[in-house]
Structures are given as structure tokens and as C-alpha cells.
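Model the placement of chain B on the given structure of chain A, informed by the hints.
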Amino acid sequence: SAVISQKPSRDICQRGTSLTIQCQVDSQVTMMFWYRQQPGQSLTLIATANQGSEATYESGFVIDKFPISRPNLTFSTLTVSNMSPEDSSIYLCSVERWTSGSLNEQFFGPGTRLTVL
Amino acid sequence: RKEVEQDPGPFNVPEGATVAFNCTYSNSASQSFFWYRQDCRKEPKLLMSVYSSGNEDGRFTAQLNRASQYISLLIRDSKLSDSATYLCVVKTMNTGFQKLVFGTGTRLLVSP
Chain A
1 SAVISQKPSR
11 DICQRGTSLT
21 IQCQVDSQVT
31 MMFWYRQQPG
41 QSLTLIATAN
51 QGSEATYESG
61 FVIDKFPISR
71 PNLTFSTLTV
81 SNMSPEDSSI
91 YLCSVERWTS
101 GSLNEQFFGP
111 GTRLTVL
Chain B
1 RKEVEQDPGP
11 FNVPEGATVA
21 FNCTYSNSAS
31 QSFFWYRQDC
41 RKEPKLLMSV
51 YSSGNEDGRF
61 TAQLNRASQY
71 ISLLIRDSKL
81 SDSATYLCVV
91 KTMNTGFQKL
101 VFGTGTRLLV
111 SP
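In order, the protein sequence lines correspond to chains A and B. Residues 1 to 117 (the working numbering) are what the first sequence spells out, left to right. Residues 1 to 112 (the working numbering) are what the second sequence spells out, left to right.
Chain B extracted, bound-state conformation:
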């Protein structure tokens, strides 16, 4: 079983739609959680951190359920520029260092 699992998509949605991505992780000792965005042929960039209390940044809302080991990202009022791959990322302790473990990503295509 992969340590971080995501639906690879693609999710094809029209502009203005609301779309939700889910992610599960297997290591219950995981400490921090993130959503990264990766555009085609570009490096990943941090979109937002994910907290147990849930957090919102404009049109983006992230939720964490530690009991279910489940993370979500909600995008409201989708824009064409939201088209990208969204990576669920978990930080765990590894031989004295914290390391990031990446999901395979969920591809989003927003069409006019």
C-alpha cells in the first residue's frame, strides 16, 4: 500500500465549478500535511498547509481528519488557471530527519 494515496483523475470541470480532492495516508505518526501544486513541466510549489481545525485561503479550503487519516482540498469557483496537478504531501519522521512523502497527484483540468 502506498504511504499517501490520491485519485489520479483527471478531474474535468467547467469554470466556476466546485471540485474536491481526497487523500489518505497510512502512517499514523505523520506530523504535518500539505497540498502542493505542480504545473506541467514545472516544480511543485506549496499551495497550503492543512490543519486539524481546517483552513481556508481564498477559494481553497483544506481539511484534515487525523482519526480517519484523511485529507481533503476543496476548490470553489474554479478558474482556468487552477488547471494543474495537486499533490497531497505528508511530513513524517525518518531516521532523525523529517521527510516529505508525496502522493501521485490529482490532475485537474478546468475548461471554459
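This is chain A alone, in the form it adopts within the complex:
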């Protein structure tokens, strides 16, 4: 399995401010994924981050609001900019890794629980 850590684990922020979430993986991976899980909802992909290139954003998510860095193969950051209460959510980092047989399993970090007041 992949060991993924995220910082911070939770935060309470004021509207209009920004928060940067860090994701660290225990080994090198090509792609890292950032998801959002709003209260009572399922996971929604925000963007896919390849090392050395611009992140690819899903419909409804833009770089100005959710800038992503991917400086190396084990680390990524997601910034939630100019926050509003609607950004209150759990943000999860994820990676893919080959496991048994031909299964390419996706592992998730523990998540960052963000509350915006």
C-alpha cells in the first residue's frame, strides 16, 4: 500500500483567506490527484497533478481558485484561495500504485477537514 500524509489534518479559516494543503507520499509516483468531499457528498476530482507540468483541472475547478504545485515525485500542494463557506469540505490527496496482479489501486490520504467561517 501507499503511505500518504497530509497537513494540516484540519483547519478553521476566515472567509477571504487562503489555505495550502500539503501531501507527502512515501515513494515516487507519476500522478497525484486532489479530491474534494463536501458534507454528505461523495468524492469529486478537482485536478490531476503530474510532476513537471501544469495540473489538469476538472470542469468546475480553476487554477486561480485551486492552484496546485508538484515540485517532485513525492510531494504536492493544493491551495484553496479566497475561501468562502462553500469551500468547507474534506480535501483528499490520492495516488495510484500497482498492487497484486495487474490491479492499479488508488490510495487516499487521511484528508484535510476545512471549515470556513
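Source of the hints: derived by calculation from the structure; they are not laboratory data. We put the beta carbon where it would ideally sit given N, CA and C, even for glycine. A hint or two may mislead.
[Stated by the list, open to error] As a list, the in silico EDC-like pairs of lysine to aspartate or glutamate whose alpha-carbon atoms are at most 16 Å apart: (1) B/LYS79 with B/ASP39; (2) B/LYS45 with A/GLU96; (3) B/LYS99 with A/GLU96.
[To be verified] Covered, in the sense of this in silico footprint (three residues per stretch, anywhere, with C-beta under 8 Å from a C-beta of chain B), are these stretches of chain A: (4) 35-45; (5) 109-117.
[Unchecked claim] Here are some chain B residues pointing at chain A (derived, C-beta under 8 Å): (6) PRO44; (7) LYS99; (8) LEU100.
For chain B alone, coordinates are given in the frame of chain A:
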């Protein structure tokens, strides 16, 4: 229409019961299918992949019907520890990458 649809539940069952969850997906080009389990305030974890031939892992059986775009999960002899949210997940191609699309999840509560 959501790309992956599930009955949100909750399904309340006694220990030892058999329970089945269903899921439908809208993208016929979807390539891989999974069931993930998510415990309260935890991250999702892979429970099992789903193959056209059907697959079984202990008390869990998953089935895929590509023609009907339908996925199922059967849990036999339910345990208290099976209480969780079960997420139906579909992998599709997206702008050169494969991406996972999650259903909203079906909540299972197993009681003594």
C-alpha cells in the same frame, strides 16, 4: 443525471443478514469498476474490483453487467464491522488520463 448512481440508504440490517447494493453508471466507455469502503471520518479504501465474470472475496461478491451498466455488491453473514459507507466507483478516460468517478455511497448499519 449523475455519472454513477447509488441508493444512499441507510440499509439497517441485523448481524448475519445478507445485503445487496446496486449501482448504475451512465458512461458506456467506462473501463474499470470498483467498490470502495469509507468509514466515518476516514478516507476511502478499496474493497474489491468488479469484473464481468463476477468475483468473490470471502463474504463479499461483486457483479458487473456491462450491457445494463449495472454493478452490484453482495455481503453475506453481515458483521458489525461491516457498518460503513460503500462507494461505487467507475474508472473512465478523461483528457488523456483515467479518472475515478465516485457514487454518493450507500450507508450500511449492521446492528446486534
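For each hint, the structure was consulted:
Taken as a hint, the B/LYS79 and B/ASP39 pair is honoured in the structure, with Cα atoms around 14 Å apart against an allowance of 16 Å. Annotation: proposed proximity of B/LYS45 to A/GLU96 holds, straight-line Cα distance about 12 Å (limit 16 Å). Among the hinted pairs, B/LYS99 with A/GLU96 is consistent with the structure: their alpha-carbon atoms are about 10 Å apart, no more than 16 Å. With 5 residues carrying a beta carbon less than 8 Å from a beta carbon of chain B, the segment 35-45 of chain A meets the three-residue requirement, and the given coverage holds.
Under a criterion of three residues with beta carbons nearer than 8 Å to beta carbons of chain B, the stated coverage of the segment 109-117 of chain A is upheld, 3 such residues being counted. Given hint, B/PRO44 at the interface with chain A, holds; its Cβ is 6 Å from that chain's nearest Cβ, closer than 8 Å. The criterion of a C-beta within 8 Å of any C-beta in chain A is met by B/LYS99, whose closest approach is roughly 6 Å, and the hint holds. Hint status for B/LEU100 relative to chain A: holds, with the closest Cβ pair at about 6 Å, below 8 Å.
The structure agrees with every numbered hint stated previously.
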